[in-house]
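A.B. asks: Heads up: the sequence lines are chains P and Y, in that order.
So for the first sequence, the working numbering puts the first residue at 6; every next one is plus one.
So for the second sequence, the working numbering puts the first residue at 6; every next one is plus one.
For the record, the hints were derived by calculation from the structure and aren't laboratory data.
Keep in mind the model is a prediction, meaning the values are calculated, not measured.
A portion of the hints provided could be inaccurate.
Pairs involving identical chains hold if they fit within one copy or between any two copies, as the list cannot separate such chains.
[Stated by the list, open to error] In silico lysine-lysine, DSBU-like type, Cα no more than 35 Å apart, as pairs:
#1 417 - 432
#2 719 - 497
#3 335 - 670
#4 28 - 432
#5 24 - 432
#6 114 - 335
#7 304 - 114
Number of protein chains: 2
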Amino acid sequence: MSLDKVMNAESVAIIGASKNETKRGFQAIRTLLDGNYEGIIYPVNPKEKSILGLKCYSRVSAIEDPVDLALITTPAPTIPAVLEDCGKKEVSGAVIIAGGFGEMGSEGKRLEEEIVRVARENHIRIIGPNTSGMMNLRDQMNLVGLREVPRGDIALLSQSGNMALTIMTEAKLKSLKGFSYYVGVGNEADIRFHEYLEFFREDKVTHAILMYVEGMREGRKFLQEAHKTSLKKPIILLKSGRSSTGKRSAGSHTGALAGMSVVAKTAFQRSGIIVVENSDELFPVAETLSSLPPIRNNKIAILADGGGHATIAADVLTDLGVQIPELSEKTRERLRELLPRSAAVINPIDVAGGTDSDPTVFADCADIILKDPEVGGLLIVGLFGGYGIRFAESLSLMEEDAAHRMGKMVRKRKKPIVFHSLYTSAKPHALHLLRYYGIPVYDSLDIACKCVSALAERGTYLHRYHFKTNFTFHWRAKAKHEGNQIIRSARKEGRSALLEHEAKKLLHLHGAPASKDRLARTPDEAVSIAKRMKRNVVLKIVSPDILHKSDAKGVRLNLGTEDEIRAAFDEIIENAKAFRPDADIRGILVAPMARKGLEVIVGTKYDDQFGPVIMYGLGGIMVEVIKDISTRVLPISPVFAKTMIGETKSAPILEGIRGEAPYDKRTLKSVLLMCSELIESYPDIQEMDLNPVIVHEQGVSIVDARIILKPEGKQH
Amino acid sequence: MSLDKVMNAESVAIIGASKNETKRGFQAIRTLLDGNYEGIIYPVNPKEKSILGLKCYSRVSAIEDPVDLALITTPAPTIPAVLEDCGKKEVSGAVIIAGGFGEMGSEGKRLEEEIVRVARENHIRIIGPNTSGMMNLRDQMNLVGLREVPRGDIALLSQSGNMALTIMTEAKLKSLKGFSYYVGVGNEADIRFHEYLEFFREDKVTHAILMYVEGMREGRKFLQEAHKTSLKKPIILLKSGRSSTGKRSAGSHTGALAGMSVVAKTAFQRSGIIVVENSDELFPVAETLSSLPPIRNNKIAILADGGGHATIAADVLTDLGVQIPELSEKTRERLRELLPRSAAVINPIDVAGGTDSDPTVFADCADIILKDPEVGGLLIVGLFGGYGIRFAESLSLMEEDAAHRMGKMVRKRKKPIVFHSLYTSAKPHALHLLRYYGIPVYDSLDIACKCVSALAERGTYLHRYHFKTNFTFHWRAKAKHEGNQIIRSARKEGRSALLEHEAKKLLHLHGAPASKDRLARTPDEAVSIAKRMKRNVVLKIVSPDILHKSDAKGVRLNLGTEDEIRAAFDEIIENAKAFRPDADIRGILVAPMARKGLEVIVGTKYDDQFGPVIMYGLGGIMVEVIKDISTRVLPISPVFAKTMIGETKSAPILEGIRGEAPYDKRTLKSVLLMCSELIESYPDIQEMDLNPVIVHEQGVSIVDARIILKPEGKQH
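When you get a sec, could you build the whole thing from the sequences and use the hints?
C.D. replies: Structure (structure tokens):
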């Protein structure tokens with residue numbers, strides 16, 4: 006159901022309307038009246054005849070005309086009955102302010118489930134509960150009570166009222182930007198983050214979406230919608246609750262599961278979201294991305310009127326991964342003509358006093374620099390805006406001239422300019438003009454650099470997004486009949502794990518290089534299988550009752566002769582019986598000894614927030630001690646399989662060190678992709694563990710495989 | 006020579022004094038006059054009789070009374086003659102503004118050397134050249150031309166005029182703090198960073214030292230002086246020029262060698278310096294450290310009036326390594342009595358509306374929290390200062406009351422409080438009061454957290470500094486007679502490297518577990534040495550002309566029988582002759598085969614800025630691929646040797662993984678300490694490479710050792 010009637014309501018009932026000025030039920034009406042809300046307001050309170058000159062109704066169902074939205078300010082226990090009444094009136098949405106739900110333990114959780122049930126029965130969508138409210142600033146539908154919130158093109162989604170207040174205050178004090186909508190998402194009991202994204206994607210006023218998130222209920226759907234949305238508009242997100250103390254704090258706050266793992270961060274970025282780590286940077290990045298064209302080639306020039314700022318900016322941008330290319334000879338020559346002899350015309354460009362008596366030289370330089378095809382954008386750092394204050398008043402008019410010219414330059418060249426100015430807080434008119442043209446100005450070098458890097462990140466994403474998968478599974482699409490049978494027969498026996506040879510067979514069906522093991526029921530069978538393998542073999546116990554074979558001494562390696570095999574067979578059976586006398590022994594698996602190579606680990610599991618994820622790492626101490634692991638939300642594309650292998654610290658080992666030949670990365674990549682395919686094909690699979698996988702110079706051997714099934718009825 | 010007469014000059018000659026208002030020689034006099042400089046001003050210009058009402062002199066030597074300091078504003082080529090003239094007048098110091106010296110290539114470098122020579126001959130100390138000037142704000146000796154710089158207790162050293170301007174502007178706009186001195190260090194041609202530190206250490210007005218550094222000429226002396234200074238006053242430092250582009254920018258700017266390595270950062274921290282990475286944090290951290298007592302136990306409480314800010318602060322502080330302990334049951338009980346039922350009285354503490362109608366509850370809470378002995382300091386985040394603005398004007402008086410109480414609380418309990426307030430830019434009086442008591446207030450959560458972590462870092466340092474060595478070598482103090490002879494005899498032969506057995510003998514002399522190798526000149530000798538070793542042996546070629554023995558096929562491993570040894574001996578000699586027919590072959594080294602164990606690498610080298618440094622890492626791919634290395638400036642103490650071993654990512658391997666016994670970390674530690682002792686004992690040693698060193702369960706074997714000597718005459 007579209008959220009249109011909720012977000013753009015043409016009439017609002019204020020349930021819990023009040024004449025008491027300290028009550029939310031008064032303030033909300035006051036704000037709507039003062040703000041010239043374009044719809045109709047219906048106060049609801051059985052004890053009042055009128056409030057603030059408006060007729061007051063005893064209940065929602067007593068209102069004559071249609072009601073789109075209800076703002077409910079009454080306490081938690083009253084809500085189910087209120088919603089029932091709203092249902093009678095066919096109200097589309099309800100904003101529930103009260104806390105005391107999921108964030109307050111099991112009793113609250115029950116009440117939350119109750120209101121969701123009632124709302125669903127009555128076709129009412131809920132914002133909240135436990136929210137500071139919502140605003141549609143285009144229609145001046147302000148259901149929060151905050152005043153003087155600037156209107157503009159940024160949609161704000163926040164799980165903290167204070168953070169929303171922080172961001173709105175910052176927008177008002179430090180920018181010309183404002184907001185199209187604000188939603189206090191609260192406990193996300195009904196409407197989830199991803200549904201708001203869907204709405205904002207289509208909204209014509211909104212040009213960027215700014216999110217403060219502590220915990221999220223449906224991570225995968227969110228990724229899917231973010232992926233679609235970020236192609237149209239930038240999404241900027243700060244996720245807090247990373248640390249355990251932060252989680253403790255967030256948990257008591259929104260009742261949602263908090264946590265920002267590396268998985269989450271890479272998944273957010275893959276769906277095109279610009280992830281911000283510092284709260285100081287959140288609004289500035291949104292301001293920049295909603296105002297300027299992205300940087301197409303990750304390359305930036307820095308223009309400075311002093312060495313210190315240039316040096317710091319170069320450091321920070323380099324840390325952020327943005328390139329600072331040398332300028333073309335032509336560009337340098339033109340800059341040399343314009344600037345004093347002592348100026349640095351490499352990049353960073355230092356004007357060395359060349360702007361002191363004429364700040365329009367900034368615009369001249371910017372024009373030359375932006376024409377350089379190697380330059381994707383420009384960061385200007387230093388004193389601009391302060392020449393009139395510091396040197397002579399007349400210079401401020403020249404600064405204004407320069408601002409006009411640079412503003413038009415950005416539009417013409419479709420390359421962004423970002424400013425750092427020491428004089429931001431003095432509010433010179435030239436900086437106001439820059440902002441009017443959409444050029445942001447910051448008094449923090451770090452923030453200005455972060456904004457530049459966000460423009461570069463967005464440019465790079467838009468250039469490459471088609472290489473990325475979109476987090477959508479086509480469940481069962483590539484399943485094989487025989488594969489389904491393997492799972493079905495395990496289910497029939499009531500097993501929640503495949504036996505090793507079953508797991509390997511499943512892998513085989515999808516083209517994976519698992520060793521071709523065979524089950525032997527007698528020593529004779531084992532010997533004849535081993536003969537056909539034409540190499541030394543491994544014997545392993547096969548029993549649904551023995552998951553960890555080594556613990557039961559159920560594995561014997563490197564057996565060559567017939568005698569060795571026979572002896573090992575008997576020994577393993579004996580050990581297994583000693584380990585667990587009632588074990589259901591299916592036989593003994595005969596596997597060829599793997600060739601030498603590099604041990605790696607590949608696995609999949611279910612993440613609470615995002616569903617199936619895959620991990621990869623070099624075996625041994627690399628995983629055990631260094632935790633050198635790469636992880637992604639599934640499904641993955643070939644590009645991601647490659648990146649996963651390449652981004653581990655130990656990746657150079659695969660290239661072959663000390664003169665060794667390189668290992669077969671190509672086949673290893675195909676193993677990761679096969680895992681992705683397998684998870685998509687068989688929704689029954691909960692967890693998969695290929696360990697070890699041995700990578701050879703040519704080829705790969707999956708030596709051991711463990712596949713765990715979901716509890717019955719939990720598959721997609 | 007003390008800098009007192011330079012820094013606290015009672016008379017200043019302005020060389021290049023001018024009547025032209027745009028000239029520095031005019032502005033400097035104007036500023037001194039306007040600022041009520043407490044000393045005497047002597048304009049110097051042969052073409053003028055008087056300037057701004059002051060008698061003008063043709064040259065410094067024509068001034069009748071003593072002159073302490075000269076501000077030289079004339080161009081670079083005039084400076085040597087000007088200094089000569091200053092010398093006649095026994096001027097103590099000169100501030101040289103002009104650029105065009107070391108930062109401008111080899112010609113400039115020669116001119117810089119020239120002025121340093123003239124200055125030394127004439128006993129004049131130089132600030133600069135290529136500096137924006139200096140200020141002594143106590144005496145209003147402002148030689149920069151900037152106006153309205155706030156006076157206070159922070160000394161500012163900067164290698165960028167713009168960064169100094171940035172910091173002063175920030176101080177004026179956002180704090181009640183100011184500066185005791187400012188020095189634009191410029192090219193550091195004569196007076197170096199460490200000499201300013203010495204001066205500020207003793208200066209009574211200065212309570213903190215703030216430094217912006219791009220490159221540094223005498224890193225080790227700086228560390229030594231910083232070590233002494235930081236025990237008395239905090240030093241806060243931002244070092245830029247980390248990235249290669251940043252270095253390029255800084256190099257063209259100050260002419261000094263830039264670069265911020267991990268070595269530099271740990272060395273700075275070890276000398277008690279608070280290293281800041283973001284320029285936004287530089288002044289706030291100095292403000293905080295100059296105003297508040299440090300946090301003694303690295304444990305902080307967070308008090309918030311909203312969940313979002315608390316969650317972010319908890320995340321950021323955790324990332325910064327500050328602990329957020331749970332509060333004692335007593336503290337929690339007292340908070341529960343004070344706050345609403347829904348308040349969180351764990352840590353972070355969320356008042357949950359408990360301050361809405363009475364913000365003095367903040368002071369009540371702070372009082373309870375700071376009494377908890379587990380709590381070393383308090384961070385208050387959110388809306389404080391804005392209650393009067395947001396809710397009712399009368400609340401601002403209560404906020405002021407709370408501010409007074411908390412200000413006194415900090416003094417009484419000697420525990421710091423730091424504030425984040427959303428309403429900082431509205432400048433409410435309550436926040437002004439907090440600052441009056443030395444409690445800083447920031448509108449950035451990230452910066453407030455960084456300041457808290459700086460207080461914790463300083464507290465921890467002051468608590469533990471006596472475990473740290475002080476970067477001072479007692480050269481030759483622990484040298485052995487026999488060791489000196491080994492080096493002398495190598496020198497006599499004109500060699501710049503010790504032979505392997507010489508290096509090992511040197512190690513032995515200092516108690517190191519180097520293998521007890523013996524030199525054999527004939528196969529018979531080799532056999533008899535091997536017999537006495539009672540285990541398999543290794544043979545290695547010994548020749549000053551063959552440094553890399555493997556390249557010459559000069560090594561044979563694991564030889565047991567007499568025949569094997571004889572054959573290997575002949576083979577090695579043959580290979581060596583084939584490799585280099587004219588090689589001076591001294592014989593063959595017979596070494597016992599090392600027992601199995603874990604391979605590590607230990608080495609020392611000379612760092613351009615800091616002199617001798619030591620490195621340690623696990624051998625093989627850990628060093629080769631993962632670059633998992635730990636480095637320190639020498640000398641090191643036992644605590645540092647332990648930390649070096651413990652801080653590598655691979656350290657857990659030493660503990661024994663997969664049920665292995667742990668390795669002998671104790672002896673390994675002693676090897677690192679022995680390296681430190683060796684470098685201190687023999688200033689001839691340039692570089693030392695122990696690779697591999699094998700760590701056993703008990704004991705350590707230094708299997709190979711390479712020691713390179715400095716060029717003659719370069720030792721200390």
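A.B. asks: Each hint needs a verdict: does it hold in this structure or not?
C.D. replies: Results for each hint:
no. : hint      : result
1   : 417 - 432 : within (26 Å within a copy, 41 Å between copies)
2   : 719 - 497 : within (16 Å within a copy, 82 Å between copies)
3   : 335 - 670 : neither (43 Å within a copy, 60 Å between copies)
4   : 28 - 432  : between (38 Å within a copy, 28 Å between copies)
5   : 24 - 432  : between (42 Å within a copy, 33 Å between copies)
6   : 114 - 335 : between (67 Å within a copy, 30 Å between copies)
7   : 304 - 114 : between (50 Å within a copy, 34 Å between copies)
The structure fails to meet hint 3 from the earlier list, while all remaining hints are met.
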